[in-house]
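Enquirer: Build the full structure now, drawing on both the sequences and the hints.
Which chain is which? The protein sequence lines are V and U, in order. Counting from 1, one number per residue, gives the positions in the first sequence under our numbering. Counting from 1001, one number per residue, gives the positions in the second sequence under our numbering.
Each hint should be verified, as a subset may be incorrect.
As the list claims (entries may be wrong) - DSSO-like mimics (lysine-lysine), calculated; alpha carbons at most 27 Å apart, straight line:
1) U:Lys1131 / U:Lys1002
2) V:Lys78 / U:Lys1131
3) U:Lys1002 / V:Lys81
4) V:Lys78 / U:Lys1138
5) U:Lys1002 / V:Lys78
6) V:Lys21 / U:Lys1131
7) V:Lys81 / U:Lys1131
8) V:Lys21 / U:Lys1138
9) V:Lys38 / U:Lys1068
10) U:Lys1002 / V:Lys83
11) V:Lys83 / V:Lys21
12) U:Lys1002 / U:Lys1138
13) V:Lys81 / V:Lys21
14) U:Lys1138 / V:Lys81
Rather than coming from a laboratory, the hints here were simulated on the basis of the structure.
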Amino acid sequence: MPDWIVHVLIGLILIEIFNLKPKSLVLIGVLLPDALIKLELFHVMFPFPKYLFMWLFQPLHAPIGMALFTVLMLPFFKYNKAKTYGLLAVGWISHLVFDLTGRHLMQGQNLLLFPFSWVNIELGWVWADEFYKADAVFLVIFLAVIWYNECFKRQKS
Amino acid sequence: MKWYVYLLVIAALIFLMLYSLINYHRHYPSLDTFYNEPGKYAGARAENCGMMVDKTNDGFILRAGVNKILVRYNQTSLRYPLLGTVCVLGTYNDGFIHAEAVRLNDFIFVKYFISLLAFFYVVFVFFREWKITIRGFKPRGK
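Expert: Okay, here's the thing in structure tokens:
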């Protein structure tokens, strides 16, 4: 599973390419699938029931759970509901898609077809501890997109 | 949106969460599962990640959540992970895991730390674009 820097960079790249506004909705969506499932990390510091939180919140790391959870977020925003839902969805879809690059010994968190299937779907490209590789690649892509947009704007003006 | 739609969504989410919590052990038996029913899950293959708390002659002690278990892994060059965790793929046996593969997640705590930086950045951007009101978040400048 990539770190949040990569997820945020991917969100920012999408925002730049498609000129998505307000951009914070995409960025919130980008972090949503991990937000609750990461409570399991308490087990690193404390003798904590690791699997309780991991599996309780696992549905929120799947498309069906996120599609439902996003509906519950709508009343908190006094803004166009369809646009709010769409921008949050762009964020969490990008998160779930990029998580497919992860590699595990057996058990990942990409149960995309949950609750119909418990199969972990992933391409197996990057181990969790090799996060710096993805950081570097997406930082370069982000800077290239920013540079391209600036050049394009200057040419237009 | 009508109030009963939100109620239905909440009910569906609670159902999914409980379904996941009740059934995960059938597909991904954890250490908890194994400790509760050791006979049933003896020989089951699973992945467990956690802290390597001690090294022994024939492997190491893994702490995953509240449980500790001996992992038998015959590799003399095994070391402690650097600022990270260890993941083990293996089969449950009576009182230990017979490991097939071990992955040291070096510097994974660094990943968690820099993820926090990303979180603070998102919070910063969010409150630059939205203001809190009694009725919810409103875009700034409107």
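Enquirer: With reference to the structure, classify each hint as holding or not holding.
Expert: We went through each hint and held it up to the structure:
| no. | hint | result |
| --- | --- | --- |
| 1 | U:Lys1131 / U:Lys1002 | holds, 25 Å |
| 2 | V:Lys78 / U:Lys1131 | holds, 10 Å |
| 3 | U:Lys1002 / V:Lys81 | holds, 13 Å |
| 4 | V:Lys78 / U:Lys1138 | holds, 5 Å |
| 5 | U:Lys1002 / V:Lys78 | holds, 16 Å |
| 6 | V:Lys21 / U:Lys1131 | holds, 16 Å |
| 7 | V:Lys81 / U:Lys1131 | holds, 17 Å |
| 8 | V:Lys21 / U:Lys1138 | holds, 14 Å |
| 9 | V:Lys38 / U:Lys1068 | holds, 21 Å |
| 10 | U:Lys1002 / V:Lys83 | holds, 18 Å |
| 11 | V:Lys83 / V:Lys21 | holds, 9 Å |
| 12 | U:Lys1002 / U:Lys1138 | holds, 21 Å |
| 13 | V:Lys81 / V:Lys21 | holds, 14 Å |
| 14 | U:Lys1138 / V:Lys81 | holds, 12 Å |
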